[in-house]
Structure formats: structure tokens, C-alpha cells
Amino acid sequence: MTTRFNGLYTSIATLAFCFFFMSNGHARAVSNSLNQQKAVIVSKLAKHITWPNEQEQASFVIGVYEDEDMHRYFSEYFADKGVKDKDISVELITDFATGKNTNILYITKPNRNQSKRLATRLMRSFDTLILSDDSKNLATTMINIETTTLNNRIGVNVVNPNIKATKLIVPDLNFLSTSEEEAILSESPTLLRQRQREQEINDELTKTETLLALETKLAKQISRISTLEKALKSSNKKSTKIQSDLNKEAQSLKVVQQVSAEKDLMLKTKEQEIEQLKSDLEKSNALLIATNNENTDTQQVLDNSGQESSKEAQDVKAAEQDKLIEKLSTDIKAQEVKNTELTTKINELNLIKNDNTPYQWLFWCMLAALLASIAGLYLLWTKTKSQSSAPPALPAVDDKLLAEREAQLLKSENVAALGYVATDLTYAVGLSLDEIQEQFEASGNKQGCLALQEAITLLENFNIVAADQDEHDVITLDVVEYIRKIVMLYDFEFNQSKIGYTYSGENKLKIDSVPSYIALILINLLNNAIKHGFDNKGKGKIAISVDGTPNGGAVIKFNDNGKGMTDETLARVFEPFYTTKSDRGYVGIGMANTYQLITEKLKGEIAIESQEYNGTSITITLP
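Just so we're aligned: the sequence shown equals residues -18 to 604 in this note's numbering.
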């Protein structure tokens, strides 16, 4: 029996817990539905009502007075939302000090005396829109939200007199009865900016990954080039060895040909001797036959003793002649064998010579191609130099085209200034490459790399200055470091012309300016000092100093100890087309261009002090 009652109690407790859980869940669902409807109403009010000071606010503030649950719900609902290009901030209001900074104040318990006092103060002094839940006193609210618990719906009661007493601009409130979709707010500007920043970071990462991939590819290509260079060196060594072997074989062939010629000469001599012996033998035989015929009768008459004596003598002489003929025949056969061997060797050497001919032909073809390339480059350099050195003919212009012609010449001066630097730079690089070649031959690749570093630095500085000529935007730059890079381009000119250079002033000074204009200004001043101040003869001194100004600008002082200027030249130095060296092809627009860049482009100032034979001092002030 006790067991049955215990099971019954357990079942009842379980049913009670399930009923409580279902009731609590249903109540929470109803509460969330009502809160969502209230949040939609607040969203519509924030979107359509205009506050007098909303443009000055950093964010749109919605306050909830002493209701943590509603504050938590609104915070989650309005998270990552925005209105009128501003973020929405939900604040928990506890007193007047925190409530006066809100655009909308939601009072969920308006019937308390503390709530009424807060709403009254805010309505009198500030343009805060007051919302309340089921307020019994409409004098302390502007919009009262009335909740119907039967069907979980809410109604809106607008207190127009209280709203009109403020500076709020309220349109027709029919928007409160429109569909919920129209009340959806835009995304938070901060969230949008954060997403945009994340996208920018992702783009930067993509670029970085692409750059790393390119660097990896470049490293592979460099490695491949190094491998090819090693293979080329190995091939050159093999080619050199083959050529050396060919030279040795050629010398051996010459020796063999010389020996063969000597053997041929000896053979011809022996043949001549054999022919001579044959001729003598034929003559002797003919003489012997004739003698025998003439003495036939005499020999019959002679006695036996005399005949025997004469016959024995003739037999002895004939035997001697037979031996001599046999010996000559043997010598002829031996010489023919030697001639056959020599002929075979000559044919073999000729075959080797023919096999080596393609290598020699290839070598001479490569040498001819190299000489042709050097000649072509020399002719191209001569042609380019003649074209660049020839001064352009200035066409006749009337007064209407004069201004346009001046503008074109001012632009061309920029290119001419950089061209003057490029000439020295090209010559300096050529000398550096000569030094590299000598050091490569003397001590190997490491020493060559050390000699190459100076040329690389010079080229990098030139590339930086040349690249800036296409940019005319104001950026933040270290003007001292930038001037150092420009002056470094003139190191070769200074060394060749024995021009001394000194710098003083700030070690580092950052200003906001246009690098391309600063480069052209300094190049014009340096060229002017070299061409006019020192009269292209060098042996002078140039000094540059840079100091900062209180307003974040810079003062650049440029001094040279050249021949200076007369009073007339100083008065007309900034005048376009004025030059004291017209006989040398100068057009007189360098200083005019400098003045235009400083005063018009950079909004700065320039002042010049100079006396004849006492040098020139130029002061440039950049903002």
C-alpha cells in the first residue's frame, strides 16, 4: 500500500512540474511577443521623427527606465542596427542625469511617483520622446502603449499636446499602423565600417598572398637563372677546352703536313734517281748490244784464251749490273710502301680536320655576331646622342599662342632636368659595370657583388625620384631623406667636376608636400648651379640646410660659391625665357618653373640673394 501511495505522489509531482514549466514557457513567449511589438513601435518612432539636435549626436540613444529585463531585450533587439546613419545605443536609465541625454525614454512603470517626476522634468527641459506602458496619467507621457492581455496585442495612444510642446518634428503618425517590414532599421554604421574594414583587410591579405606567390616565383626564376648561368659557364669551359684541343690538333696537323711534304719531296727525289738509273741502264744495255754486234766477227777470230778472257769480263760486268737493278727495284718497292702509309695518315688527318671544321665555323660565327651587336649598339648610341643633343627648333608663335608655348616649355623643362641627371647616371653605371667585370675576372663573384652595390643604390634612388614624377598628390614624407636621395644622383657629377657638397640642419623632418615638385625644384637648383654658377667648369662648393618651422613646414637653404649674378640678372631671374647662356641653347625657363612650383603648386615662398663673383643664396619656405 505504501508503495502505491509513493508512486501516486511521484506522478502528481511530475504533472505539477510539467504544468508549471508549460505555464512559465507560455508566459515567456507572450512576454517576448509583446516586447517585440514594442520594439517595432520604438523603431518606427526613431526612423520617422526628427530631433532638433540629432545631426550633432554621435549615436541615437534609447533609454529604458529601471527595467533590466526590457533593457536586456532592447539591447539584443537593437544590436548591430542603426538609424539615420548612426549607431543605436540602448542605455539603462536610473536618474535625471542619465535620462536627459536620450532621444527616446521608455518608462515601463509610469505610475510610480519617481517615474512621473522624471518624465515631467524631461518634458519641460529637453526634447526627449517619452513612451510609457499603460500610464494612468497621460500628462506625464507623449505616447502611451496600452497592452491587451486577452489577444496579446498592443495599442498606441498619442498625446499630441505634450509632443507639440517640444521641438520634435513628427509626421503623420499613420506609420505606426503600417506593416512591420517598413519598420526594419538599417544596419549599424559601425558594423558596416567594421565589415568594410574586414573586407579591406581580406583584400590586403589577398594582395600579400599574391605578392608572396610572386616573390616565390621570382626566387625560383632567380634560382633557374643561376642554374643556367652555371650551365653556361660549364658550356663555355667545354667550348674553351674543345677549342684548345682543336688548336692542338691543328698544330699536329701542320706538323704532319710538313713531314708529309718532306716525305713527298724525298719520294720525288728517289723517283728521279730511279728514272735516272733506268735511263743509264738502258743506255748501258744498248751500248752492250752494239758492242757485241761489232765484235762478233772479231771474237770468232780470237783464240780460245782471248775469247774466254773477254767473255768472263763481260759476264762479271753483266752480273754487277743485274745486282744494281735488283737493289734499285727493292728500294722502289720499299719507297712505294712508305708512300702508301704516308698517304693513309694524310687522309686520316684530313678527316679529323674536316670533323673539327664545324666547331671552328661556330666559333667564328659567334665572334662575328658579337662584333655586329657591339657595332649596332654603338651606332644606336651615336644616333640617340645626336638626336638628344640637337636643340629643337622653336617655331614662330604669335601673341595668342605665347602663353600656350610658355606652358609647354615649362613642362619640357621638367623632362630636361631629369634628362640631365639621367646622362650622368648612365655614364656612372657604365663605369661601375667596367669595375664589376674587372673584379669578376680578378677575384670572383663575391667581389663583383660588392662593386655592384653602389650602382644598385644609385639606380634605386633614381627610380624613386623618376617614379614620383607621375604623382602629384600631397603625402607625408621625410624631406631630409628625400633631398639626400636626389643629391646622391649627382655624386658622379660632383666627383668628376670636383664640386664639394655639405649638408647641415635636421636629421629627419616630416612634412606634408608633393615629392615630385620638391624633386624638380632641387634638380633645377643643382643644374643651375652647375651650368651657370660654375659655368660647367666645376671646382665649386654647394651647401644645403633644412630646418623645421612652427607650423609643421620646412625652410630649405641652397648656397653655392659660383660666379653669382648681376643686378639685372637677379631682377629678371624668375622671368620666363630670360637666360644669359642663349648661345649654348638654354631657353631660360628653369628658375621660372621653380618659382611657379613653389609659389603656385606648393603655396610656399622663395627668396634669392646674389652678388656678382660672390655666389648665390636661395631660401625656400614650404608650408
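I should point out that these hints are in silico values taken from the structure, not numbers from a laboratory. Hints may contain errors.
Derived lysine to aspartate or glutamate pairs resembling DMTMM-like cross-links, with alpha carbons at most 25 Å apart [what the hints assert, rightly or not]: (1) K544 x D516; (2) K67 x D153; (3) K562 x D454; (4) K201 x E190; (5) K562 x D548; (6) K520 x D454; (7) K222 x E210; (8) K198 x E179; (9) K538 x E586; (10) K229 x E210; (11) K28 x E190; (12) K148 x E190; (13) K65 x D108.
Hints and how they fare:
| no. | hint | result |
| --- | --- | --- |
| 1 | K544 x D516 | holds (8 Å) |
| 2 | K67 x D153 | holds (23 Å) |
| 3 | K562 x D454 | violated (35 Å) |
| 4 | K201 x E190 | holds (16 Å) |
| 5 | K562 x D548 | holds (16 Å) |
| 6 | K520 x D454 | violated (38 Å) |
| 7 | K222 x E210 | holds (18 Å) |
| 8 | K198 x E179 | violated (28 Å) |
| 9 | K538 x E586 | holds (12 Å) |
| 10 | K229 x E210 | violated (28 Å) |
| 11 | K28 x E190 | violated (43 Å) |
| 12 | K148 x E190 | violated (56 Å) |
| 13 | K65 x D108 | holds (18 Å) |
Against the hints set out earlier in the document, violations occur for numbers 3, 6, 8, 10, 11, 12.
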